[in-house]
Amino acid sequence: MTVKEYNSIVDQHADGMYRFALSMSKDEDVAKDAVQDAFVKLWERKENVDPSKVKSYLFTTVHHKIIDGFRRDSKHQDIDKTVILESTSQKTHDLQEILHEALKTLSEIQRSVILLLDYECYNYEEIAEITQLSLSQVKVYIFRGRQKLKEYIGSMEAVI
1 MTVKEYNSIV DQHADGMYRF ALSMSKDEDV AKDAVQDAFV KLWERKENVD
51 PSKVKSYLFT TVHHKIIDGF RRDSKHQDID KTVILESTSQ KTHDLQEILH
101 EALKTLSEIQ RSVILLLDYE CYNYEEIAEI TQLSLSQVKV YIFRGRQKLK
151 EYIGSMEAVI
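Numbering-wise (the numbering used here), the sequence shown opens with residue 1 and increments by one.
Simulated from the structure, these hints should not be mistaken for lab results. Yeah, the Cβ is synthetic: ideal placement off N, Cα and C, and Gly gets one too. Worth double-checking, as some hints may not be accurate.
Computed cross-link-like contacts, DSSO-like style, restricted to lysine-lysine with a CA-CA straight-line distance of at most 27 Å [stated by the list, open to error]:
# : residue 1 : residue 2
1 : K139      : K150
2 : K55       : K32
3 : K150      : K104
4 : K26       : K4
Cβ-Cβ distance ranges computed for the label pairs, FRET-style [unchecked claim]:
#  : residue 1 : residue 2 : range
5  : E47       : Q147      : 36 to 46 Å
6  : R144      : N48       : 33 to 43 Å
7  : E97       : V3        : 20 to 30 Å
8  : V3        : K53       : 40 to 50 Å
9  : Q132      : A14       : 14 to 24 Å
10 : L99       : S8        : 24 to 34 Å
11 : E44       : I109      : 21 to 31 Å
12 : E28       : E108      : 12 to 22 Å
Start from the sequences, fold in the hints, and give me the full structure.
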């Protein structure tokens, strides 16, 4: 991989990776660090990475970086895992805020597979490769995550 090819890859994938990392972590600095680390790792391993799988490699690296951060933080801090659910019947919330609150109720893996499918438009096989889960596990996490989202949000009439 040449410098020109590497720069082209950065231009193509940086924004999508940042959106994905930000959606997972909810922290701009963590998201930026994860994306930067993924590109550094790509450059260090440029000879070993298949050019046709660069996008998958980058998103997998970002995914693992964010998950490792969650694990590290949970080991070093006494995090209160209780989630306070706000009433979705309040008309002052707009739909995007409600969706972000609903995503926060999901486990890290459910959130990441749903974001990869719905926001980044990956197919099930690509998500399985990125998250290193089996295809059936990906399908189960997406199904259960969507069920939780549906329970949290309720009917669309209640939201709107």
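Hint by hint, here is what the structure shows:
1. K139 x K150: Holds, because 16 Å separates the two Cα atoms, which is no more than 27 Å.
2. K55 x K32: Answer holds: K55 to K32 is near 17 Å, not above 27 Å.
3. K150 x K104: Roughly 13 Å between the alpha carbons, so the hint for K150 and K104 holds.
4. K26 x K4: violated, 32 Å
5. E47 x Q147: 36 to 46 Å: Because 44 Å falls inside the window, the suggested range holds.
6. R144 x N48: 33 to 43 Å: holds, 35 Å
7. E97 x V3: 20 to 30 Å: violated, 42 Å
8. V3 x K53: 40 to 50 Å: violated, 20 Å
9. Q132 x A14: 14 to 24 Å: Holds - the Cβ-Cβ distance for Q132 and A14, about 23 Å, lies within 14 to 24 Å.
10. L99 x S8: 24 to 34 Å: Because 33 Å falls inside the window, the suggested range holds.
11. E44 x I109: 21 to 31 Å: Since E44 and I109 have Cβ atoms about 27 Å apart, the given range 21 to 31 Å holds.
12. E28 x E108: 12 to 22 Å: holds, 18 Å
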